[in-house]
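**Student:** Residue-level listing of the chains:
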Amino acid sequence: MARTMAEKVWEEHVVRRAEGEPDLLYIDLHLVHEVTSPQAFEGLRLADRAVRRPDLTIATEDHNVPTENILLPIADPVSRTQIETLRKNASDFGVRLHPMGDIEQGIVHVVGPQLGLTQPGMTIVCGDSHTSTHGAFGALAFGIGTSQVEHVLATQTLPMTPFKTMAVTVNGTLPSGVTSKDVILAVIARIGTGGGQGYVIEYRGEAIRQLSMEARMTICNMSIEAGARAGMIAPDETTFDYIKGRPHAPTGADWDAAVEHWRSLRTDDEAVFDAEVVLDAAELSPFVTWGTNPGQGLPLDASVPDPADFADPTERAAAEKALAYMDLAPGVRLRDVRVDTVFLGSCTNGRIEDLRSAAEVIRGRRVADGVRMLVVPGSMRVKEQAAAEGLDEVFRAAGAEWREAGCSMCLGMNPDQLKPGERSASTSNRNFEGRQGKGGRTHLVSPLVAAATAVRGTLSSPADL
Amino acid sequence: MEKFTVHTGRAVPLRHSNVDTDQIIPAVYLKRVARTGFEDGLFAAWRAADPDFVLNRPEYAGGTVLVAGPDFGTGSSREHAVWALQDYGFKAVIAPRFADIFRGNSLKGGLLTVLLPQDVVERLWALVEADPSTEVTVDLVAREVRAPGVTEPFELDDYTRWRLMEGLDDIALTLRHTDAIADYETRRKPWLPVTQ
Chain A
1 MARTMAEKVW EEHVVRRAEG EPDLLYIDLH LVHEVTSPQA FEGLRLADRA VRRPDLTIAT
61 EDHNVPTENI LLPIADPVSR TQIETLRKNA SDFGVRLHPM GDIEQGIVHV VGPQLGLTQP
121 GMTIVCGDSH TSTHGAFGAL AFGIGTSQVE HVLATQTLPM TPFKTMAVTV NGTLPSGVTS
181 KDVILAVIAR IGTGGGQGYV IEYRGEAIRQ LSMEARMTIC NMSIEAGARA GMIAPDETTF
241 DYIKGRPHAP TGADWDAAVE HWRSLRTDDE AVFDAEVVLD AAELSPFVTW GTNPGQGLPL
301 DASVPDPADF ADPTERAAAE KALAYMDLAP GVRLRDVRVD TVFLGSCTNG RIEDLRSAAE
361 VIRGRRVADG VRMLVVPGSM RVKEQAAAEG LDEVFRAAGA EWREAGCSMC LGMNPDQLKP
421 GERSASTSNR NFEGRQGKGG RTHLVSPLVA AATAVRGTLS SPADL
Chain B
466 MEKFTVHTGR AVPLRHSNVD TDQIIPAVYL KRVARTGFED GLFAAWRAAD PDFVLNRPEY
526 AGGTVLVAGP DFGTGSSREH AVWALQDYGF KAVIAPRFAD IFRGNSLKGG LLTVLLPQDV
586 VERLWALVEA DPSTEVTVDL VAREVRAPGV TEPFELDDYT RWRLMEGLDD IALTLRHTDA
646 IADYETRRKP WLPVTQ
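Note that the protein sequences, when read in sequence, are chains A and B.
So the first sequence is numbered by our numbering: it starts at 1 and just counts up by one.
So the second sequence is numbered by our numbering: it starts at 466 and just counts up by one.
These are calculated hints, taken from the structure and not from any lab test.
Don't take each hint at face value.
Below are the DMTMM-like pairs computed for lysine to aspartate or glutamate, each with C-alpha atoms no more than 20 angstroms apart in a straight line [to be verified]:
#	chain 1	residue 1	chain 2	residue 2
1	A	Lys8	B	Asp517
2	A	Lys419	A	Glu393
3	B	Lys654	A	Glu7
4	B	Lys654	A	Glu11
5	A	Lys164	A	Glu19
6	A	Lys321	B	Asp517
7	B	Lys468	B	Asp623
The calculated label-pair distances, taken between Cβ atoms and stated as ranges, are [unchecked claim]:
#	chain 1	residue 1	chain 2	residue 2	range
8	A	Leu72	B	Glu631	44 to 52 angstroms
9	A	Ala75	B	Asp517	34 to 42 angstroms
10	B	Asp604	A	Ser176	52 to 60 angstroms
11	B	Thr651	A	Ala388	54 to 62 angstroms
12	A	Trp255	B	Arg512	51 to 59 angstroms
13	A	Ala387	B	Pro582	50 to 58 angstroms
14	A	Val272	B	Val659	30 to 38 angstroms
Think of the CB as a built atom: it goes at the ideal place given N, C-alpha and C, for glycine as much as any other residue.
Only chain A is shown next, with the shape it has when bound in the complex:
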């Protein structure tokens, strides 16, 4: 029977199937960070259980870490305790940890792929909803809660009920200046924040095939913002080229066998998806959000919508509430919206290509007066690479702040936060109320729009410069 890629990967990982029960799935890689793991390790201790496969588990410090003065003790005692707890847990249970200051430290979803631990056909989980990032390699990767983190630590499996499958096909070629971030923001605006509930999305079509691995990761990363647990892209030569030679990539005969298997993962031609969405790449343009959920987005050329124009009463009420919070009036051109802060970073857009593209826009220009620009590499390796290319100097010369790796202002668990009433253009993934700091207002944008916005001080694309 013809099967989708998601179904193939699922089937390969069924440890046990019984009528009337969820499938028990084997987990190939478990990524761990400090925020969603302490209670899971404590659960193991209380039940006198070990980590079944420390060799399939890796931990890093990311959500909570400061991005300045990382060699000093963390000032916030609660954050410090959480980091110290992870270090103790990793040590007690034999889990490999990349702590602050380590060259492999960084955001968990940047670290996995760059180490070559993320490979096609794997099942990958993490106590973080943006685990969907790893689906860019053709892995089945999804976020889990702390109870499930404990479950995976103890058993290396998860009981799961099968997902439905959705194809999101992007035909044609993206116009110049339109990035994968714009694609995913447009997809979420189309299907809504609940549109993907219960589904694994497979992104396909010419425009997807043309994307680099990093751009694919940006798309899969935000699948969760459309409500989908996972997003996937079929592995191809771009995927294999990215993985080859990385520290944990297969070598020799193993490499050949792996690639042969990876090629077999693609969705069969006759396979049927439970739902399908089609976009025309040529019609896409730089996209920004105006509201307080990632589905409330529009092309940068548009104006703030009028809630009265929403037919659905729930959407209308949500738009009214969002505009009140965002302090925006209907009809205001999005290009006229002035920001205080620009944040370039996160597991969505904190990779080397993101920094390169933003640096190209900003090179030889200045961050506008009254605007603060924060550049936070997704990992210490990304930071090292950027510095080797002189990108740090480009950002510094423009007046931006160049920081250490971490999740930073994406969720403001560390000191990098918006103040009440401040407005940001942010390359991160969530524009929820207070997400980047209590009372802060967030517009989600691509790295290109972030850089142009930093220069002009209002939401802008490089074409406006």
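Following the hints, position chain B against chain A.
**Tutor:** Just chain B, lined up with the frame of chain A:
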């Protein structure tokens, strides 16, 4: 985990869609390493900013059933959102749609999330807004929600219902199949990466 069979309590109407987990519990509360005591973080920003927010209104104090709009629990995987609702005293949440991870977390932890159509949610809102002392029954045994003038069935798969009614821990259930796990491990592809 506490067993869940039938719960009757007063309901709290939350007339918002897309209630994300950053609203249910802001990130600043996630720095703790304990498993309990998250009630102070529940809807912390809304409670602080709006004196009329439903949890600030004395007539809804002590409510144990939250009735919310569609797409409740979107966003992050933080199970702290479930813990905060439970620590505050909620036993069940009723909404027309839930985000997947939140729903999974809630059903793991014994917070019953009940899917009811939007029109039923509207009727429940109207009932408890007209009379905040109205009691709502969430009956997992009969898979039914009852309130004055309302009797609505809801769906939940047999396995999850059984696990909640028995108060069973998933890990203990899975550990019964350790042999199957070990057997699977002998069949894994040899090139799959290890971290050590």
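**Student:** Does each hint fit the structure? Answer for all of them.
**Tutor:** Evaluated hints:
At roughly 51 angstroms between alpha-carbon atoms, lysine 8 of chain A and aspartate 517 of chain B are farther apart than 20 angstroms, so this suggested pair is violated. Simply put, lysine 419 of chain A and glutamate 393 of chain A have alpha-carbon atoms about 27 angstroms apart, too far for the 20 angstroms limit, and the pair is violated. At most 20 angstroms may separate the alpha-carbon atoms for a hinted pair to count; lysine 654 of chain B and glutamate 7 of chain A meet this at roughly 18 angstroms. With a C-alpha separation of about 14 angstroms, the suggested pairing of lysine 654 of chain B with glutamate 11 of chain A holds against the 20 angstroms cut-off.
Between lysine 164 of chain A and glutamate 19 of chain A, the direct Cα distance comes to roughly 19 angstroms. Compliance with the 20 angstroms bound is thereby established for this hinted pair. Distance restraint check for lysine 321 of chain A and aspartate 517 of chain B: the Cα-Cα separation of roughly 15 angstroms lies within the 20 angstroms cut-off, and the hinted pair is therefore satisfied. At most 20 angstroms may separate the alpha-carbon atoms for a hinted pair to count; lysine 468 of chain B and aspartate 623 of chain B meet this at roughly 15 angstroms. Judged by the Cβ atoms, the range 44 to 52 angstroms given for leucine 72 of chain A and glutamate 631 of chain B holds: they are separated by roughly 50 angstroms.
About 36 angstroms separates the C-beta atoms of alanine 75 of chain A and aspartate 517 of chain B, a value consistent with the hinted range of 34 to 42 angstroms. A beta carbon spacing of about 59 angstroms between aspartate 604 of chain B and serine 176 of chain A agrees with the range 52 to 60 angstroms that was offered as a hint. Range check, threonine 651 of chain B to alanine 388 of chain A: Cβ separation about 44 angstroms, and the 54 to 62 angstroms hint is violated. For the pair tryptophan 255 of chain A and arginine 512 of chain B, the supplied restraint of 51 to 59 angstroms holds, since their beta-carbon distance comes to about 56 angstroms.
Distance hint for alanine 387 of chain A and proline 582 of chain B: a CB-CB separation of about 56 angstroms, consistent with the stated range 50 to 58 angstroms. Valine 272 of chain A and valine 659 of chain B have their C-beta atoms about 36 angstroms apart, which keeps the hinted 30 to 38 angstroms range intact.
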